[in-house]
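If you read the protein sequences in the order shown, they are chains A and B. Letter by letter, the first sequence follows residues 969 to 1408 in the working numbering. Letter by letter, the second sequence follows residues 7 to 186 in the working numbering.
Since the hints were made in silico from the structure, they are not lab data. Hints are supplied without guarantee of correctness; some may be wrong.
Unchecked claim - Across the chosen pairs, the derived CB separations fall in these ranges:
| hint | chain 1 | residue 1 | chain 2 | residue 2 | range |
| --- | --- | --- | --- | --- | --- |
| 1 | B | Asn173 | A | Arg1104 | 48 to 58 Å |
| 2 | A | Lys1244 | B | Pro87 | 50 to 60 Å |
| 3 | B | Glu120 | A | Glu1230 | 58 to 68 Å |
| 4 | B | Glu174 | A | Glu1392 | 42 to 52 Å |
| 5 | A | Glu1392 | B | Gly105 | 43 to 53 Å |
| 6 | B | Pro87 | A | Lys1338 | 24 to 34 Å |
Given the structure is predicted, the values throughout are model-derived calculations rather than measurements. Yeah, the Cβ is synthetic: ideal placement off N, Cα and C, and Gly gets one too.
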Amino acid sequence: MGKKLLLEHINEPGIQSFEVYRKKGGYASVEKALKTMKPDDVTEEVKRSGLRGRGGAGFPTGMKWSFIDKKSGKPRYLVCNADESEPGTFKDRYLMEHIPHILIEGMITSSYALGANTSYIYIRGEYMYVAQILERAIDEAYANGFLGDHILGTDYSLNLYVHVGAGAYICGEETALLESLEGKRGNPRLKPPFPAVAGLYSCPTVVNNVETIAAVVPIVNLGGDEYAKIGVGRSTGTKLISASGHINKPGVYEIELGLPVEEFIFSEEYCGGVWKERRLKAVVAGGSSVPILPAGLILTTAKGEPRLMTYESLADGGFVTGTMLGSGGFIVMDETTNIVQNLFTFTRFYRHESCGQCSPCREGTAWMEKILHRLLQGKGKKTDIDILVNAAKNIEGNTICPLGDAAAWPVAAAIRHFRKEFEEIAESTTEGKKLEIATH
Amino acid sequence: MAENKAIEFSSDTLAVAKKIIARYPEGKHKSALIPILHLAQTEFDGWLSVEAMDYVASVLNIKPIEVYEVVTFYSMFNTKPVGKCLLEVCQTSSCWLRGSDEIINHIKKKLNIEVGETTADGMFTLKTVECLGSCGTAPMLQCGGDFHENLTTEKLDSLLEKMKIKNERSTYLKSLNLSS
Chain A
969 MGKKLLLEHI NEPGIQSFEV YRKKGGYASV EKALKTMKPD DVTEEVKRSG LRGRGGAGFP
1029 TGMKWSFIDK KSGKPRYLVC NADESEPGTF KDRYLMEHIP HILIEGMITS SYALGANTSY
1089 IYIRGEYMYV AQILERAIDE AYANGFLGDH ILGTDYSLNL YVHVGAGAYI CGEETALLES
1149 LEGKRGNPRL KPPFPAVAGL YSCPTVVNNV ETIAAVVPIV NLGGDEYAKI GVGRSTGTKL
1209 ISASGHINKP GVYEIELGLP VEEFIFSEEY CGGVWKERRL KAVVAGGSSV PILPAGLILT
1269 TAKGEPRLMT YESLADGGFV TGTMLGSGGF IVMDETTNIV QNLFTFTRFY RHESCGQCSP
1329 CREGTAWMEK ILHRLLQGKG KKTDIDILVN AAKNIEGNTI CPLGDAAAWP VAAAIRHFRK
1389 EFEEIAESTT EGKKLEIATH
Chain B
7 MAENKAIEFS SDTLAVAKKI IARYPEGKHK SALIPILHLA QTEFDGWLSV EAMDYVASVL
67 NIKPIEVYEV VTFYSMFNTK PVGKCLLEVC QTSSCWLRGS DEIINHIKKK LNIEVGETTA
127 DGMFTLKTVE CLGSCGTAPM LQCGGDFHEN LTTEKLDSLL EKMKIKNERS TYLKSLNLSS
């Protein structure tokens, strides 16, 4: 059994409530930070912990915090990114729904470190019922003196609010999120300036993912050095993995970073193996944006080493033979999966979610979807495959935000590793075979 | 809502709107736009007419165009009337891998509508949506604030039956309770 830091008390009846959460040691990090530590000490512990952003990018959290402009004299903001929308990812929803107070606690401790007196949790609109769970948890925190003026009798005051979005994947990109929080369309901003200098209302702002903020709780409680002992190398701590697709036990699992991928997929403690006693075909390991890998390469690196659930091991081999840990959205596909059609669902997703601001992404995602649709309808040509590769290449790196890359990578990777399947589909057209594939 | 009912928040809803506005700094009231549009969509029969959007603009003291451009950007806002139960079926990878096609086709056949259409009695609208963060409990659909997960065609049949009997409009926002 791996160590559980976030989900330790997940099975405790009533853990959603302040009372039970507190009895289980909840809000200790707030007491420790506010009463015994200076704000910069908290940041220092987070730096020492080696915590990296859990939303997908994996940027060191302590370093991100240290960029916040503390000299401008303007108010500073902490904004929690709860706009979880990366296909295959549902860990933040799980955490907020079942242990809402760990996020509230993390928000208070982190806001203290950053010197923020007003903080927001931006949650995707579809999670409206979760937003209402958070509203109740915040109410309880106010009633118990952990929010509001002079928290625990100290000089520190914080107001915390939930802000609901209305359906837009792009708002998970931090500058689009800030635009949306200001009541606008979610069009990403040009950087620089970075949010740490000019974020919400042009004030210094840090935007962190739900799981990242929750991880600050055990980091402050244990100390950064202790936290860093968990995991492997630069992949420290635990990570929530959302497991879905063709497995026996889909769900959210907290793993110690460093767990072998093979154990994660096949052991009873986690995914419980591939369903229907079928063979493993492929895995998308970190949410829809990251390159798909065939069974051989997800279990073992090209060098023949066992692949581990770490930022480094999953990336081993670059995009030629590796992938990314990303958001930890782990989608498993069995031997019957039509890789082209799965890719079509991803590409349709990105076309739908492109904000339309940059032409390569707006036009490119639509063309990639059209071409894949054509192939699946049995009307494609073999040359379509290279057109797809070319379109993906022309989107990548040519847009303001990473949505373009996120749309391009899955296309490039699916063709890289499963070109034969694309060719078969394209050729079945020339032979006049009709394909029975549903496309809505 | 009776057809001739004025587009205006009830006093309770208006009080909630004011509470929402107070969550943002002085002069930054436009931040409250999306949350207030959710209130409007809930109060005005599940969609936002031009009149409803103009009304929201007046509540926030911003230009109507600032409301239109936001409403048309976000997928949860409906600019046309929808059935009492808007069935939003997720069709992205993890749901597709576990049979969302079957769910969509079953609804089409059973209700005799295509994606984007509403049944003649105004009860159901079918919509396909992109990942709702319910991948571990796929396939699924959202109706108002409720997630219906691990769907099978049998579960779907009984769900649709229950909705018909209940005959109520589903809304994303189920309660107006906000934290202090």
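* Does the Cβ-Cβ separation between Glu1392 of chain A and Gly105 of chain B fall within 43 to 53 Å? -> violated (24 Å)
* **Assessment of proposed distance window 48 to 58 Å (beta carbons of Asn173 of chain B, Arg1104 of chain A)** => At 29 Å between Cβs, range violated.
* Range hint compliance [Cβ, Glu120 of chain B to Glu1230 of chain A, 58 to 68 Å] -> For Glu1230 of chain A against Glu120 of chain B, whose Cβ atoms are near 44 Å apart, the range 58 to 68 Å is violated.
* Please test the hint of 50 to 60 Å on the beta carbon pair from Lys1244 of chain A and Pro87 of chain B. => Violated, since Lys1244 of chain A and Pro87 of chain B (Cβ atoms, about 43 Å apart) do not stay within the stated range.
* Hint check for Lys1338 of chain A and Pro87 of chain B - Cβ pair distance inside 24 to 34 Å -> holds (30 Å)
* Between Glu174 of chain B and Glu1392 of chain A, does the C-beta distance stay in 42 to 52 Å? -> holds (49 Å)
Against the hints set out earlier in the document, violations occur for numbers 1, 2, 3, 5.
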